[in-house]
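Novice: The listed protein sequences correspond, in order, to chains E and U. First residue of the first sequence: 1, per the numbering used here; consecutive thereafter. First residue of the second sequence: 198, per the numbering used here; consecutive thereafter.
Among chain U residues calculated to face chain E with C-beta under 7 Å, some are: (1) GLU237; (2) PHE247; (3) LEU248; (4) ALA249; (5) HIS251; (6) ALA252; (7) GLU254; (8) LEU256; (9) VAL260; (10) LEU264; (11) LEU268; (12) LEU271; (13) GLY272.
Just so you know, the hints here were simulated from the structure itself, not pulled from any lab data. We put the CB at the ideal spot given by N, CA and C, even for glycine.
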Amino acid sequence: MDTEQPGVAEKAERFRALALEQLPRLYAVARRFAGDDAEDVVQDSLLKAYRGFDGLDHPAAASAWLTSIVVNTCRDRARARARRPEEISLDDVDEFSLFRKVADEDPFPYSDSLHLDFLQQFGAEDVRSVLAGLPDLYRVPLLLVHVDGYHAKEVAFFLDVPLGTVLARLHRGRKLFERRLWDYAEEHGLLKEVARP
Amino acid sequence: MITCADAVRRLWEYLDGAVDESSRAAIDEHLSFCRRCCGELEFAQEMRAFLATHAAEELPDDVRARLLATLDELGTSA
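This is chain E alone, in the form it adopts within the complex (with noise of 0.2 Å):
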């Protein structure tokens, strides 16, 4: 039906106002699940989001309740490909250290700040291109917790897995990410000594 009724442009307007505060964050969070589907997903929450907003008791919580909807689209839609979460021996890489790594192997000799030196290396495409390496399993909630700010409560409520399940992830997805760093800097010539001005 394409008339426009009182009432319902009120509502529209209302939700329009609501939504558009959360659009950033309702796609970085959607972007983490979902990659490259990201838009799609915040497409069909917002429509499953109006069509439940009459149920919005406080709209203080809608940020919360947004990313709610955004989070089990992106799970229905993992269920509905039956991905199964990819499985990797962790054995070697709880005990990494890149802090370690960094002073063990010292790359940049000349260096003064070599930690800060060896991070320099990275543009954000290879951060990127690490990060697209890690299993969803790790990388989820490390940039959820990591880059876009939310408690780790906050994610196992999304993730519906205990607390100590996501601590436990969170760890392993740190060790891991610093553990590709370096395979990554090995990889494509990131060691190099650079020349100082």
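Given chain E, work out where chain U should sit, using these hints.
Specialist: Relative to chain E, chain U alone:
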């Protein structure tokens, strides 16, 4: 008394303020005498800033425009 491995394992949570009081006190005590773990702590701070800077997701203008169009249609087609 905690070991270096225990301290390092919890450094990011420590920086997030997400450890309980007794864990915080134990990590503080460990850091008070362990120079290597102080280096780990400093590096953990750099890594957090590095990750936040390099992995933030921006909403592209074209995606934003299409999502706005979806919102604009809600009142007329729902």
